[in-house]
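Chains as they are written, first to last, in our numbering: chain A, 1 to 302; chain B, 1 to 302; chain C, 1 to 302; chain D, 1 to 302.
No lab work stands behind these hints: they were computed from the structure.
Errors might be hidden in some of the hints.
The list treats identical chains as one, so a pair stands whether inside a single copy or across any two.
As the list claims (entries may be wrong) - Taking lysine to aspartate or glutamate and the EDC-like style, the derived pairs with C-alpha atoms no more than 20 Å apart in a straight line are:
(1) K3 - D253
(2) K271 - D96
(3) K169 - E53
(4) K90 - E68
(5) K90 - E66
(6) K169 - D157
(7) K275 - D182
(8) K275 - E180
Protein chains: 4
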Amino acid sequence: MAKNIFGDKWTFTSFGESHGAAIGGVLDGVPAGLHIDFAMIRSELSRRAGRGEVGASQRALHEPDEVEWLSGVLDSVTLGTPIAFLIRNKDARPEDYEYLRHTYRVGHADRVYEQKYGIRDWRGGGRASARETAARVVAGCLAKQELASKGVRIHADLVQVGAETDPAKFTETIAVYQREGDSIGGIIECRIQGLPVGTGEPIFDKIQAHLAYAVLSINACKGFEYGTGFRGVTQPGSAINAISGGISGGISDGTDIVFRCVFKPTPSTPKAGVKGRHDACVAVRAVPVVEAMTALSLVQFL
Amino acid sequence: MAKNIFGDKWTFTSFGESHGAAIGGVLDGVPAGLHIDFAMIRSELSRRAGRGEVGASQRALHEPDEVEWLSGVLDSVTLGTPIAFLIRNKDARPEDYEYLRHTYRVGHADRVYEQKYGIRDWRGGGRASARETAARVVAGCLAKQELASKGVRIHADLVQVGAETDPAKFTETIAVYQREGDSIGGIIECRIQGLPVGTGEPIFDKIQAHLAYAVLSINACKGFEYGTGFRGVTQPGSAINAISGGISGGISDGTDIVFRCVFKPTPSTPKAGVKGRHDACVAVRAVPVVEAMTALSLVQFL
Amino acid sequence: MAKNIFGDKWTFTSFGESHGAAIGGVLDGVPAGLHIDFAMIRSELSRRAGRGEVGASQRALHEPDEVEWLSGVLDSVTLGTPIAFLIRNKDARPEDYEYLRHTYRVGHADRVYEQKYGIRDWRGGGRASARETAARVVAGCLAKQELASKGVRIHADLVQVGAETDPAKFTETIAVYQREGDSIGGIIECRIQGLPVGTGEPIFDKIQAHLAYAVLSINACKGFEYGTGFRGVTQPGSAINAISGGISGGISDGTDIVFRCVFKPTPSTPKAGVKGRHDACVAVRAVPVVEAMTALSLVQFL
Amino acid sequence: MAKNIFGDKWTFTSFGESHGAAIGGVLDGVPAGLHIDFAMIRSELSRRAGRGEVGASQRALHEPDEVEWLSGVLDSVTLGTPIAFLIRNKDARPEDYEYLRHTYRVGHADRVYEQKYGIRDWRGGGRASARETAARVVAGCLAKQELASKGVRIHADLVQVGAETDPAKFTETIAVYQREGDSIGGIIECRIQGLPVGTGEPIFDKIQAHLAYAVLSINACKGFEYGTGFRGVTQPGSAINAISGGISGGISDGTDIVFRCVFKPTPSTPKAGVKGRHDACVAVRAVPVVEAMTALSLVQFL
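Construct all of the structure, not just a fragment, from the sequences and the given hints.
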């Protein structure tokens, strides 16, 4: 199985424990000559950290998330060789999690990791922590930059928080849950524009299948739908037959692709009696991760 | 990209055009010593053909779907070598589709195939036809038999047709659309029981991601959700934190896994002015295909 | 592991037992629009069967090796979909091998198969028989045709039989071993012309590494060398530094690539007390198989 | 293509330019619970650097080759998560190679890299430098340790330098070429003991094919043979039919496997007018690299 590796054209290997020395990744297959926009990467990491957002985990806010580039880049231009990078874990506080050495948190992967491997890094979730997604954001930025150079744009937005669908009210909705030491779920919508006609493979690597695989690999994601999705079940064929959702037989037809994905609330909250640093609505910080995984998925097809 | 190949442990290669000589497949990686239950395979193919169901395509009903085994099996027992099989297309009527030689059907992949490849088999959808799923059902049966021998059971059911959620009324609901020359969508729920604790990979091959990839590769599938799914968005973390949906951090926790997927109505109906042989509710015949793809997904992890 | 599958661009899956219903293969990833030259395929299969050669196995000579095309081709042109084909085993005589049901032949894989799988197809070597290479030749022909359309030519020749290096004397040398019920090895040289500069990957998929992997997968092949090869060990750097062998750092430099490979004599001969139908010099019939595997290797890089 | 990634069970990704910030790698798929012997890794890196050997490059001798472990290990025990490590390039002297910015060295990959990528890291060969093999040695050590825990031992030795086959005289032979500013090739023999019967895959992942692929990925390697190899060509089947070389039909038969590989002399020598720091006989330092790649190959099959 692919385990910690994503993609066979742009092959992204992710590594690192939440409270180990560093997290990071290697991107193999990136073409030579791509100019890397480092400012955009910093900005996306900041977005993932939830800076300026209500209810973001304090851990995320305190990590500087400084990317160190180890290889594959000379004078900001890719060489065609593997691009390795790392982000040091500076605000790691294993002592905060000392109590987890012999305990499993409800709703977390602590127990299954121990059952699967016979050993686990108990320090803050180790590899299962959402901190790993910072490496995905870095890799996704390179994929986005390549896609942008070919006219493909990806844009995701939070479209629902709990029962609330008015974006103007998301901040206050989240603040309510935060004050109560609770958490709430959200739905993200992502639009892909400019994908060339004919992108995708017709049987098993249909675009929608690969996107779902990419997005459902993000922690807390519980569902994926595109085009008419689950709501389309009530409409007859005569009403919806011209709505392709941008994909026909697994292959892009040149119109926009729109998909939606849902994120459950984090289970480890003060209200549930779990100490540590957590998010009132993980969907907020998942938005750039959804974009990153979408980019990493699409770049495999070009 | 994987194109027509699924899985890296049990590697299934699917081949065949809808109105060519045959469809079929090769399964590589099946362990030696598995006793094949051929009667079960015939029964599943019959279920996929929609025999006994209202509104099934006449093409499916007229195809005998007889499987010819070419290799990998001696006296009903697998040899550990590749298992190749084929199903002849006996009721192929390319002449029915002669009019498609220079036409594209709305809502079908005809046009994007031509755009992607510069050539296409216009005979009844060629490779994009749902007939290809018969090969998946055969391969899925072997996977199911292997899983059953390890105590893993997979069972899918239609749980919604249009707005109707009472199974007792599905047949009449479909009959209404059929009489009108129209079609309707449906939702399938699938339950996995007995999966050993620790199955799944923690980052990119999370069970839910791989299942979504498998299920969304089925024609007409528009969405996938598991556990609390999209409906869970309105519930706070304090209410749902003990509901794992059988998966924690991408790894099975030993309890049942339940997922749901939605199938849109077929767009090529008499009402839409499309000739040929079609289904009033493709979700009916998708049930055994969902089980087959679920089995092919899970068998990669064992 | 790849088992019965070769390549990730043109993915070739080989199937079939020597004395089962059929051998064959599926080629996935062949671009649409390639015109297949069926006469060339028949000619290459005939070459592999050893027609017109001294000392070829009688089995090979009696098999018509008629290829049945199942999918992926319409009016001799590829569709971009998987190309499946089979060759029936018409001269299969399992009864000739009845004595092998409980016996293992010296120098053959009979025993290790049984040890590995706990079961084996004892009928003439089953999957380990060189008959499997007929499927490789068919697949290799398509790869050769694609390569030829891009100006790449592959030509292999027998350059040594036993100690004999004069091609004019190969036939009589082999005849001597055949009369004695014995067998002898041979060396094949293969030249690749017209490969574009820059073909190959610099670290693990160096052209020479991939070619060696392809060629050493052929039964009875015991070694591979290219450029100065083993003989170059005695020459100082100052003498050979301009001889690249067509490859630099794993990447083609535009000049011809020449490699050599050695085939051991078949161990199951009348002289060794083994009944059945065998070759006095398998290297003769290996020549088109070496070309086929070379083509299947190179086509992955284009 | 695999590019910079080796293996599908223990997946090793190699990264880093010779004169960039660091070289290193990520190993995904290493089981949890392996105790890492760091002293053995230091010792193997020292062997690769040629410490104590005549004619080794001064660059190699001056690099401390200190491994920094980034992830996947807690208290010297593997966690089952990706193991990332790096080695800083401390003795990098890009200025030594300034003259290469617009020049290509004869017999090196400088030119084909530029032709392939349109850009290259001109600093000392960049990615094509043999320095990259240090990362392979680290990864190979972990594979060796896993194999040793299962009773598999790998041992390689230099068996020929130029025409010299007496190991006692290798040092003085190399010294002669070094004094002349020249270089010479060598042959390495590698013995694998204790490999379980049944290891290997019968068609395309035959052990010998995978080993050749692994070994021919090492810079300067020009050939691979096993068992009777090229020399066996002169022996009749009746004489050698009981010599399996430890492999039958691609699968280990439980006896020792012995293979040999040849390394050409480095082309960039003072005698050839090339400045920089070079080896008089690269085969000497290739010995631990051959062992490492052998271990990385075999560990894919267990």
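To see whether the hints hold, each was checked on the structure:
Taking the shortest alpha-carbon separations for K3 and D253, only the inter-copy value of 18 Å comes in at or below 20 Å, while the best intra-copy value is 32 Å. Taking CA atoms no more than 20 Å apart as the test, K271 paired with D96 passes inside one copy only; the shortest distance there is 18 Å, against 63 Å between copies. Only within a single protomer do K169 and E53 lie at most 20 Å apart by alpha-carbon distance; the minimum there is 13 Å, versus 48 Å between protomers. Both within a single protomer and between protomers do K90 and E68 lie at most 20 Å apart by alpha-carbon distance, with minima of 13 Å and 17 Å respectively.
Taking identical chains as interchangeable, the C-alpha atoms of K90 and E66 lie at most 20 Å apart only when both belong to the same chain, with a minimum of 10 Å there against 22 Å between chains. Only within a single protomer do K169 and D157 lie at most 20 Å apart by alpha-carbon distance; the minimum there is 14 Å, versus 39 Å between protomers. In this assembly of identical chains, the alpha carbons of K275 and D182 lie at most 20 Å apart only when taken from the same copy (12 Å versus 56 Å across copies). For a Cα distance limit of 20 Å, the shortest separation of K275 from E180 inside one copy, 14 Å, qualifies, whereas the shortest one across copies, 59 Å, does not.
Checked against the numbered hints above, the structure breaks none of them.
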